[in-house]
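J.: Read off the chains here:
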Amino acid sequence: MTRAFLALLRRDLLLAIRRRGELLFPVIFLLVVVSLFPLGIGPGPALLARIAPGVIWIAALLATVISLDSLFRTDFEDGSIEQFVLSGHPVSLLVMAKVLAHWLLAGLPIVALSPLLAIWLNLPASSVSVLVASLALGTPILSLLGAIGVGLTVSLRRGGQLLSLLVFPLYVPVLIIATGGIMAAADGLPYGPFLGLLLAGLITSVTLAPFAAAAALKISLS
Amino acid sequence: MNTHSGHKPRKNALVLFFHRTGSPPWFYGFAARLAPWLWLGFGLLAAWGLYLGLFRAPPDYLQGESFRIMYIHVPAAWMSMLIYAVMATFGFIALVWRIRIAEILAMSSAPVGAAFTLVALVTGSLWGRPTWGTYWVWDARLTSELVLLFLYLGVIGLYSAFDEPRKAARAACLLALVGLVNLPIIHFSVKWWNTLHQGSSIGVTGSNIHPSMLWPLLIMAIATKLFYAANLLDRARAMLLEQDLRKGWAQKLIARQPTSELPLSEQQGSEQQGSEQPGTGQHGSEHGEQV
Amino acid sequence: MNHQPFIWSAYAISAIVLIWTALAPVLRRRRTIDYLKQVNRTDPTHDTHA
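For the protein sequence lines, the chains are F, H and G, in the order given.
Residue numbers for the first sequence follow the UniProt record's numbering, so the first one is 1 and each next one is one higher.
Residue numbers for the second sequence follow the UniProt record's numbering, so the first one is 1 and each next one is one higher.
Residue numbers for the third sequence follow the UniProt record's numbering, so the first one is 1 and each next one is one higher.
Check before you lean on any hint, since a few could be wrong.
What the hints assert, rightly or not - List time: in silico DSSO-like cross-link candidates among lysine-lysine, alpha-carbon distance up to 30 Å:
#1 G:Lys37 x H:Lys252
#2 G:Lys37 x H:Lys167
#3 H:Lys252 x H:Lys191
#4 H:Lys247 x F:Lys218
#5 H:Lys167 x H:Lys247
#6 F:Lys218 x H:Lys167
#7 G:Lys37 x H:Lys247
#8 H:Lys11 x H:Lys167
#9 H:Lys191 x H:Lys225
#10 H:Lys191 x H:Lys247
To be verified - Computed from the model, here is a short list of chain H residues facing chain F with C-beta under 7 Å:
#11 Leu54
#12 Phe55
#13 Val147
#14 Phe150
#15 Leu151
#16 Ala161
#17 Pro165
#18 Lys167
#19 Arg170
#20 Leu174
#21 Leu180
#22 Pro184
#23 His187
#24 Ser189
Read the hints as simulated data drawn from the structure, not as lab findings.
All of these numbers come straight from a predicted model, not from anything done at the bench.
The beta-carbon is built from N, C-alpha and C at its ideal position, and this holds for glycine as well.
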């Protein structure tokens, strides 16, 4: 079973690395979206500092949703997903492998770029570490919950458009808790509970989301 | 009929009822017979509740007359959440046992829930203007209702995106269940987010509710439940007929129908969404029909 | 501030939304029946199993 998981993970990562151009797109998207905010709102440092946690997190949400669609779609269209389901391996395990690949390729760059975004938006230094931690814990949750949405829409022609409508309500709690923690840190208040809640959310998502996504894929295949 | 082991007649009847609901023609007829009574009950209770609420309850000390919006806002908000739970329950039954009528009931519930959510949002906004001074505040309840509306729209949107009805229903039911698991999390996080940002602290229901203010609220609460039940049955009937157009029971049904009054040019193929068409009257007689 | 316009518009909008919600399936069902009747009338041997 572990071999199947690792094999699929390796396959997805290899495929992505061979299409290096596609890897950059979520990163560029993130940078562009975040830089639009000062352009639209004005460069006032105090204002930017106040909105920084929300802006960075919302940009992360958008970037995740956009890159998610490709998570299953090409595999669905060429029949690979069907092969996975027929293979006899637990589909939820295979989903986990694909989600992990997605996070490594799309979520991790977001975490890595966040200090730069913090500098752009004048986020106080005290909260940058909390920003990075919240993204490190939160982006996997986004990938996991998003996989459920992708599983449901992968067989639809305009699935990508519907995807954002489906997953954004699910993302609301993650957004609230993560930005709450960053803002608490900026104010000098304890941020531990927020990160704790994110960790709890991550554990719950890891345990439950793959099964929901697997069920969604089976429905899409039927 | 039989002399099986000691099944109590009452239990047998209930099981029999559930089995029967699985048969489309039986359910179609059952819904046709029950719905008019539910509408009647709704009409009477709503009239009574609104009369008491709009004309008999005394004005509120703090809010003056505008609190009367509560008699539609609060029941609508309650229904928006109740219907989601019921829809998810039907969805669970549909997914686990593959029961078609459960799929239909779940998908029929979604538009009604969305309608109540919309009503709750609009009335909440209009109530907020005289009370808080603005048409919209990001308070816990309104924000939660907004997210709930998005959840409903997602279910409806997903259902209508598929070509095949049963697959569509299964996908939408799974989404509804995922949303149900998330709903308490969303509610608590929004409520907590609201206190964090020191949003409006005026509770829309005020502190102590005088009994004469409470009765109309409870009556409207029951009335809205009857509305939901009646509308649900109507929608289930329409959906069953659309899906079973070619089946024998539907064909036999049509043969017994009186000729329609609609002019030929307006007769179109069945559509999924009931868009408004100005037919030539006859709305009132609908619920008295035998079918 | 006069509260009456708010109360009336709240109930009016609610009434519109709920009446439409209530009527939509009724109209839809009628149209389905009429469609079937029309199909049967113009072509009684029409095979809707296509």
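J.: Evaluate each hint against the coordinates.
T.: Structure-based check of each hint:
1. G:Lys37 x H:Lys252: holds, 11 Å
2. G:Lys37 x H:Lys167: holds, 28 Å
3. H:Lys252 x H:Lys191: At roughly 54 Å apart (the allowed maximum being 30 Å), Lys191 (chain H) and Lys252 (chain H) break the hint.
4. H:Lys247 x F:Lys218: Holds. Lys247 (chain H) to Lys218 (chain F) sits at ~28 Å (cutoff 30 Å).
5. H:Lys167 x H:Lys247: holds, 19 Å
6. F:Lys218 x H:Lys167: holds, 10 Å
7. G:Lys37 x H:Lys247: OK: Lys37 (chain G) and Lys247 (chain H) at ~14 Å, within 30 Å.
8. H:Lys11 x H:Lys167: violated, 33 Å
9. H:Lys191 x H:Lys225: holds, 26 Å
10. H:Lys191 x H:Lys247: Distance of about 50 Å is beyond 30 Å: violated.
11. Leu54: violated, 34 Å
12. Phe55: Hint on Phe55 (chain H): violated, closest Cβ of chain F at ~39 Å, above 7 Å.
13. Val147: Check passed: Cβ of Val147 (chain H) comes within 5 Å of chain F, closer than 7 Å.
14. Phe150: Hint on Phe150 (chain H): holds, closest Cβ of chain F at ~5 Å, below 7 Å.
15. Leu151: This interface hint holds because 5 Å falls under the 7 Å limit.
16. Ala161: This hint holds: Ala161 (chain H) lies near chain F, its Cβ roughly 5 Å from the closest one there, short of 7 Å.
17. Pro165: Because about 13 Å separates Pro165 (chain H) from the closest Cβ in chain F, which is outside the 7 Å limit, the hint is violated.
18. Lys167: holds, 6 Å
19. Arg170: holds, 5 Å
20. Leu174: holds, 6 Å
21. Leu180: violated, 11 Å
22. Pro184: Pro184 (chain H) check fails; min Cβ-Cβ to chain F is 10 Å, beyond 7 Å.
23. His187: With a closest approach of 9 Å, the His187 (chain H) hint is violated.
24. Ser189: holds, 4 Å
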